[in-house]
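A.B. asks: This is what each chain is made of:
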Amino acid sequence: EAQVTQNPRYLITVTGKKLTVTCSQNMNHEYMSWYRQDPGLGLRQIYYSMNVEVTDKGDVPEGYKVSRKEKRNFPLILESPSPNQTSLYFCASSSRQGDTYEQYFGPGTRLTVT
Amino acid sequence: TQLLEQSPQFLSIQEGENLTVYCNSSSVFSSLQWYRQEPGEGPVLLVTVVTGGEVKKLKRLTFQFGDARKDSSLHITAAQPGDTGLYLCAGRYGNKLVFGAGTILRVKS
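Just so you know, the sequences run in chain order Y and H. To convert, take the position in the first sequence, counting from 1, and add 1138; that gives the numbering used here. To convert, take the position in the second sequence, counting from 1, and add 166; that gives the numbering used here.
The hints are simulated quantities; they were obtained by calculation from the structure and are not laboratory data. Don't take every hint at face value.
[Stated by the list, open to error] List time: in silico DSSO-like cross-link candidates among lysine-lysine, alpha-carbon distance up to 30 angstroms: (1) K1156/Y <-> K1203/Y; (2) K1207/Y <-> K1156/Y; (3) K1156/Y <-> K262/H; (4) K262/H <-> K1209/Y; (5) K1203/Y <-> K274/H; (6) K222/H <-> K236/H; (7) K1195/Y <-> K236/H; (8) K1155/Y <-> K1207/Y; (9) K225/H <-> K236/H; (10) K225/H <-> K274/H; (11) K262/H <-> K222/H; (12) K274/H <-> K262/H; (13) K262/H <-> K1195/Y; (14) K274/H <-> K222/H; (15) K1156/Y <-> K1195/Y; (16) K1195/Y <-> K1209/Y; (17) K1207/Y <-> K262/H; (18) K223/H <-> K262/H.
Kindly generate the complete structure, drawing on both the sequences and the hints.
C.D. replies: Below, the structure written as structure tokens:
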């Protein structure tokens, strides 16, 4: 089954404790990205990756890191989480269809930083 | 930062009514997508429109891309309770995808 998986689905942590949210896709997609979703703000792109070893900042990259060492994995790293990073996070992967990208989202990770 | 404004933010209607959700921007997008999201799940792509003036239909849903590729609309005919959810528009410029804040639709039976 074609899918994007994220782990963990729920995480409660404390300020300053480094954490990693994993993302994996089994569709051989080149394009992957991370979003955060907050009430009234929609989804905002944190980072995206066009291919292995190619990453770039989205609209809200501060406080986050990513890496793309393998095509299927795109982990999101919070080196020193703060309460304003409490949010619902989505990973997505895309296949290019002509001039557009058909994007598939993971189930989300709800992060709470106290 | 490119901005996409969606309206209305909330919509509560009776089963069988028609509705339209709007997505507007001052920026030109190379393509625009509509997603539907249910609680506890990630957004699911409904449609992608690419050409200015393009109209696409998906059963009772009609999507239109503005001639200038700055705006789009989603029209639902004879809404059903199963249409309840969060509807998101997203515009692509370059390698980035910008989302609107979403429209929460509730269809009452």
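A.B. asks: Where does the structure disagree with the numbered hints, that is, which hint numbers, in rising order?
C.D. replies: 5 and 12
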